[in-house]
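Engineer: Going down the list, the sequences are from chains A and B.
Everything in the first sequence is counted per our numbering, starting at 1 for the first residue and increasing by one.
Everything in the second sequence is counted per our numbering, starting at 1 for the first residue and increasing by one.
Some hints here could point you the wrong way.
If chains are identical, the list can't say which one is meant, so a pair holds when it fits in one copy or spans any two.
[Claimed, not checked] Straight-line C-alpha distance at most 20 Å; calculated SDA-like pairs for lysine to any residue:
1) 75 / 20
2) 75 / 47
3) 75 / 55
4) 75 / 14
5) 75 / 46
6) 75 / 48
7) 75 / 2
8) 75 / 16
Simulated from the structure, these hints should not be mistaken for laboratory data.
2 protein chains.
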Amino acid sequence: MTTRQPRLEIEYCTQCRWLLRAGWTAQELLTTFTVELGEVALIPGTGGVFDVRLDGETVWSRAEQGGFPDLAELKRAVRDRVAPGRDLGHTDRRRPS
Amino acid sequence: MTTRQPRLEIEYCTQCRWLLRAGWTAQELLTTFTVELGEVALIPGTGGVFDVRLDGETVWSRAEQGGFPDLAELKRAVRDRVAPGRDLGHTDRRRPS
Chain A
1 MTTRQPRLEI
11 EYCTQCRWLL
21 RAGWTAQELL
31 TTFTVELGEV
41 ALIPGTGGVF
51 DVRLDGETVW
61 SRAEQGGFPD
71 LAELKRAVRD
81 RVAPGRDLGH
91 TDRRRPS
Chain B
1 MTTRQPRLEI
11 EYCTQCRWLL
21 RAGWTAQELL
31 TTFTVELGEV
41 ALIPGTGGVF
51 DVRLDGETVW
61 SRAEQGGFPD
71 LAELKRAVRD
81 RVAPGRDLGH
91 TDRRRPS
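Whenever a hint applies, use it, and build me the whole structure from the sequences.
Structural biologist: The structure is reproduced here in structure tokens:
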């Protein structure tokens, strides 16, 4: 089966009912990276999985990191891989410490 | 790149801003076919495209059929391919003619 690159995958646990979370994340990434992503695949999984992969490489894994990815952080991680020179606007501005 | 089968693709025109429509369709299909679909891929396209494909085979194409797919009709078409014996409840009940 032919896929488009870069291919971003979001694998989510159906038992945990994380489809809406996965769907929201997919749409946020496609809104930000309108032309930079070849496709975003939503993959039903089980056992508490919530993983984000880009061309097979893990960008975020619930099993390793716990909880859910912060969206701004996830966008920066995806940007660094697919559009390294791109300014993400307020997503790049961290709160003053 | 490894994909999961059955793979459903939704290719949508970004210029027409059909991401939300594509995202909604993806989530509706994944809600109905929780375990029957291997993945649903959202594919940004151009030029007024809104196509739904299952394992490479066209299920619905805006270029051929015009407008957008009726969701119940689309679910029946997907069901016929991935879970032919399955009753879709009210989605299978047509309005009296």
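Engineer: The structure should be examined with respect to each hint, and the outcome stated for every one.
Structural biologist: Evaluated hints:
In this homomeric assembly, residue 75 and residue 20 come within 20 Å of each other (Cα to Cα) both inside a single copy, at 18 Å, and across copies, at 19 Å. In this assembly of identical chains, residue 75 and residue 47 lie within 20 Å of each other by CA distance neither inside one copy nor across copies; the values are 25 Å within and 27 Å between. In this homomeric assembly, residue 75 and residue 55 come within 20 Å of each other (Cα to Cα) only inside a single copy, at 15 Å, whereas the closest approach across copies is 29 Å. Only between protomers do residue 75 and residue 14 lie at most 20 Å apart by alpha-carbon distance; the minimum there is 19 Å, versus 24 Å within a single protomer.
Taking CA atoms no more than 20 Å apart as the test, residue 75 paired with residue 46 passes in neither setting, with 25 Å inside one copy and 23 Å between copies. Taking the closest pair of Cα atoms, residue 75 and residue 48 never come within 20 Å of each other, the shortest separation being 22 Å inside a single copy and 27 Å across copies. With identical chains, the CA atoms of residue 75 and residue 2 are never at most 20 Å apart, being 25 Å at best within one copy and 23 Å at best between copies. For a Cα distance limit of 20 Å, the shortest separation of residue 75 from residue 16 qualifies neither inside one copy, at 24 Å, nor across copies, at 23 Å.
The structure does not agree with the numbered hints 2, 5, 6, 7, 8 stated previously, though it agrees with the rest.
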